[in-house]
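Q: Now for the letters of each chain:
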Amino acid sequence: MVDTDSVPGDPERGREPDIAMWGASGSGKTAFLAALSVALNRSGSPGWRLIGENAVSRTELAKLRDTLLQARTFPAPTEALTHYSWVILGPAAAARRRWWWPWTERVERAPKFNLDFLDLRGDLYAESEANIDKQALVDSLVKSRGLIYVFDPDREARVGDAFKHLDAALHDVAGRMLVGDEYEDGKLPHYIAVCITKYDDPRVLRIAMEGGFTQRDPHDELRIPRVPEDRVRDFFRRLCREARDHNSEMILDLLEAFFHEDRIKFFVTSAVGVFIDEDLGRFDPDDPVNVIDDANGGLTIRGAVRPLNVMEPVIWLGRMLRPGAMRSGRWHG
Amino acid sequence: MAWLTAHWAILGKTPKSLDDYGVIACSTGAITSAEFGMWLKAFTSGTMEPKALPRVSTSHFTTGPDHEPWLGLSVQTLPESQDGFHRPYAMTYYACVRWADVVAAPTRLSYRAMYEALMEMDFSGEKPFRLPLSAYDERRLAEEINGTARRAAALLLTGRPVCVVRAGRLSLDRRLDFLDAVAALLPYGFRHSLAVSTWTNSASRHRIRLSFAEVAPTHGTWELPWEAGEPVGSYPQEAQLYEKELERHQGADLGELVRRLATAAEPRDFEDVSDRAAAARLLQGRAAGPVALPPRLSVEDLLRQCGESIANAEERRLGALTTQLARRARERVPDEDRKTYRVFARANPVRLPESLADSAVVQRFFESLLRLLYGTPLRAADVEEMLVDLGGPRPSEPDLPPALLAATDRLLPHSTPSGRLLIANLLGPDRLYPVLDTMSDDELCGVAVQSRNRRVLDIVIDELGRRAAPTDPRSMESVRHTLTRYRYLIEAIGSICAAEESVRNYQLVLWLSHQRQLTPADIDEVLANVDRPSETFLLGMAALSAPGTASTLLYAVAGNAVRGLGLAGTAVADSVTAGLDRMTAPANEGKYRRSRWRRRRPGPRRPTRLPVLGLVLLGTVVLIVIAGLVLWLVLT
Numbered sequence: 558m559v560d561t562d563s564v565p566g567d568p569e570r571g572r573e574p575d576i577a578m579w580g581a582s583g584s585g586k587t588a589f590l591a592a593l594s595v596a597l598n599r600s601g602s603p604g605w606r607l608i609g610e611n612a613v614s615r616t617e618l619a620k621l622r623d624t625l626l627q628a629r630t631f632p633a634p635t636e637a638l639t640h641y642s643w644v645i646l647g648p649a650a651a652a653r654r655r656w657w658w659p660w661t662e663r664v665e666r667a668p669k670f671n672l673d674f675l676d677l678r679g680d681l682y683a684e685s686e687a688n689i690d691k692q693a694l695v696d697s698l699v700k701s702r703g704l705i706y707v708f709d710p711d712r713e714a715r716v717g718d719a720f721k722h723l724d725a726a727l728h729d730v731a732g733r734m735l736v737g738d739e740y741e742d743g744k745l746p747h748y749i750a751v752c753i754t755k756y757d758d759p760r761v762l763r764i765a766m767e768g769g770f771t772q773r774d775p776h777d778e779l780r781i782p783r784v785p786e787d788r789v790r791d792f793f794r795r796l797c798r799e800a801r802d803h804n805s806e807m808i809l810d811l812l813e814a815f816f817h818e819d820r821i822k823f824f825v826t827s828a829v830g831v832f833i834d835e836d837l838g839r840f841d842p843d844d845p846v847n848v849i850d851d852a853n854g855g856l857t858i859r860g861a862v863r864p865l866n867v868m869e870p871v872i873w874l875g876r877m878l879r880p881g882a883m884r885s886g887r888w889h890g
Numbered sequence: 152m153a154w155l156t157a158h159w160a161i162l163g164k165t166p167k168s169l170d171d172y173g174v175i176a177c178s179t180g181a182i183t184s185a186e187f188g189m190w191l192k193a194f195t196s197g198t199m200e201p202k203a204l205p206r207v208s209t210s211h212f213t214t215g216p217d218h219e220p221w222l223g224l225s226v227q228t229l230p231e232s233q234d235g236f237h238r239p240y241a242m243t244y245y246a247c248v249r250w251a252d253v254v255a256a257p258t259r260l261s262y263r264a265m266y267e268a269l270m271e272m273d274f275s276g277e278k279p280f281r282l283p284l285s286a287y288d289e290r291r292l293a294e295e296i297n298g299t300a301r302r303a304a305a306l307l308l309t310g311r312p313v314c315v316v317r318a319g320r321l322s323l324d325r326r327l328d329f330l331d332a333v334a335a336l337l338p339y340g341f342r343h344s345l346a347v348s349t350w351t352n353s354a355s356r357h358r359i360r361l362s363f364a365e366v367a368p369t370h371g372t373w374e375l376p377w378e379a380g381e382p383v384g385s386y387p388q389e390a391q392l393y394e395k396e397l398e399r400h401q402g403a404d405l406g407e408l409v410r411r412l413a414t415a416a417e418p419r420d421f422e423d424v425s426d427r428a429a430a431a432r433l434l435q436g437r438a439a440g441p442v443a444l445p446p447r448l449s450v451e452d453l454l455r456q457c458g459e460s461i462a463n464a465e466e467r468r469l470g471a472l473t474t475q476l477a478r479r480a481r482e483r484v485p486d487e488d489r490k491t492y493r494v495f496a497r498a499n500p501v502r503l504p505e506s507l508a509d510s511a512v513v514q515r516f517f518e519s520l521l522r523l524l525y526g527t528p529l530r531a532a533d534v535e536e537m538l539v540d541l542g543g544p545r546p547s548e549p550d551l552p553p554a555l556l557a558a559t560d561r562l563l564p565h566s567t568p569s570g571r572l573l574i575a576n577l578l579g580p581d582r583l584y585p586v587l588d589t590m591s592d593d594e595l596c597g598v599a600v601q602s603r604n605r606r607v608l609d610i611v612i613d614e615l616g617r618r619a620a621p622t623d624p625r626s627m628e629s630v631r632h633t634l635t636r637y638r639y640l641i642e643a644i645g646s647i648c649a650a651e652e653s654v655r656n657y658q659l660v661l662w663l664s665h666q667r668q669l670t671p672a673d674i675d676e677v678l679a680n681v682d683r684p685s686e687t688f689l690l691g692m693a694a695l696s697a698p699g700t701a702s703t704l705l706y707a708v709a710g711n712a713v714r715g716l717g718l719a720g721t722a723v724a725d726s727v728t729a730g731l732d733r734m735t736a737p738a739n740e741g742k743y744r745r746s747r748w749r750r751r752r753p754g755p756r757r758p759t760r761l762p763v764l765g766l767v768l769l770g771t772v773v774l775i776v777i778a779g780l781v782l783w784l785v786l787t
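Line by line, the protein sequences give chains A and B.
Residues 558 to 890 in our numbering are what the first sequence spells out, letter by letter.
Residues 152 to 787 in our numbering are what the second sequence spells out, letter by letter.
Pulled out of the complex, with its shape left as it was, chain A reads as follows (with noise of 0.2 Å):
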């Protein structure tokens, strides 16, 4: 009988995802990456894009903007492993005269990097290390070195389950590279862009708004109320004691035990953004639902899409994994 625990053919596939995507089924991970390449076409500095580095990756790159710009919707549940392999552009800086040789202009290079993303069923993470999968899942999670830790408020609210897909898979993942004297420190080597998710969601809105960790951006014409950067793990620690499940509490503890603090860094993001009402032409506190029931029982967006702080977790883990290719220092995310 045929070896089961292997793909057919090349078992790796080529090279081992740089950053993964860690969290619950239905948080929103392939949600998140879908909403990627739009989020850097919109974002405040020109130029960035998204392209894929393969026919492989080019056409599910073209498939998840279709499902979000097109269909507007979201992903179907992703049912396997899944790699997608992009090339992240940005603008290069304008071109600027060497002060040793004034007489001809150097041309900046752009910013520019590869990042690797594993993708996969959310439930994967919470089954036993007997499964065949979970373990090409944690090779993949030893071998990288970013994570985009998706964790969504409102699952938590109705399901609560994403302590146990963190912490299953973080002791399989700790049990294979910390028992040994690599890292003497005892912490994980990842980075880890903690990334609160469906920031659109009313209740996770409101619970922002109200607890009083939003701030509103003078210069955003859109007015949406946005969680600043320092305030950002207090919203985290807040929307854990929401959740159905009390062991949600102990999630950032866990972050923070198995990971280097300042290799954490949290966000609160959104795939498609808040509802803009074009006529009023900014956020409207009372109608602020992007994302409404169809008619068919599913789930469709309602306004244009604008990603929040998609692009900004990716770059910062860019900048950790791949300092050189930023070089260009355009951006300061």
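Just so you know, these hints were derived from the structure itself, not from any lab.
All clues given are correct.
Derived pair list, reagent style PhoX-like, types lysine-lysine, alpha-carbon separation capped at 25 Å: (1) LYS822(A) <-> LYS669(A); (2) LYS620(A) <-> LYS202(B); (3) LYS721(A) <-> LYS167(B).
Position chain B relative to chain A; hints supplied.
A: Chain B alone, transformed into the frame defined by chain A:
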């Protein structure tokens, strides 16, 4: 025909469930629910794409202390419901058989035979199935073999997976037949370690060795364009030799080769170099003489003879012909042929004599006929086609024998509620009401929206009317809420009904949701739920509006036109608003009359002529007065 014991499972979700994918039902015995779950997820073909469903895949695994090998086949479908997070999800129906049983069976097992048998099964209870498998048809398999199949078989013997691209247009049946044809060009024992799929997602890491996909995976897989006929130069020599050897076999000789390869059933492994080399050696042994296959009746002849035997009440002859018809219906029937048979059936209606009204043979004939004309499982759209094809000269009032309706009812899966509604409606109120009773308001509206069928729409509106009786406020509220959620069935009604009927239906639906003439507040509420109301919908609203709502509706109509023409926020919109304000001036203080699109443009406004004139006059008067005063002072 052979019978195999198959263990089964369903992987999926229950509607509105917040759970992850899991085994929601399975047989008990040799394989546990956890094992089913693990193997089903392990042999996923990647994230489902609704356009690629239904998707058929095969898998292989070992279980138990003796590592007993099994073969599995799954059919993945897309139900009409969503999970608790409003996401679509796939349901995977799975059956697996022991490899030992496959080898011991009197006939070889093809993927198509297993697929067709699985589609007939009732996935309930706890007992394993007895799968009836049709005979391995070497001749039909040989007919399916093309250059792509030959090359795919040869490339599989390099040990690397093969992905067929540029074949997205092929139907599920054709893809499944292709997979069978490729497997038939290898010693049968390779099926023991061959996972195939009618569609894979190449970004997903999967264990499928032979599949169709939009693009091939980046590493380690042979990309094989469909019927491209590219030169073989770039492929390894063992693959070139195997392909050349296969090309030597044509026609009946190819059928004989398939038969000979099917006898080589000892387990083989694609990862084993010696097994692969043995396959090439086996192929080089020459085949025996060609096998003469008996001629067959054409399908049209069969249908004609069936019709004659029914008209003459020859039940026994009909039984024999139905057996042949059933066999033909189980074969791969191209869509074009199905259309031809439907035209034939329409032109040659079956006249059922009284004496055969309750005949089981007639019912079996209708089942086979439906399979032949529409394939299985029947879809709601097939039922509508069936009403036209077999419903007699007046499709609007179809005259269908009860045996045909019963056969249709049996072939319709539970996931096609609109088809079930249509059939139950034809079977009469006694059958219709129990079906309606099982459906929630939400399901009813969902069916109306999805089916876009006039008869279904009428049934749904009637039923909602019954439920929204003022004597039951809770039910009334539920209907109102559901109709609001489904936007008053605007699109369904608009796409099915002519203008006059549309207006009448909108009026009815609005009445059901409000149970009174529409007040200004109702109009605002309705319009808030509807993005761009059609003209007929607005007329429906007008027909149901209460006194004193004219201005609200007028603003709504104008606002709709302004938005529809893309004029919102322009000077023209402002002037329209101003005109409306003037028209409705005496009653312009109600807040509901404010239009959402009314927005003044920022920036300086042009001064009007009247105030300028006034200023000039005022200035002149002031100057005259000052001059008068000065004159008076000078003179005095």
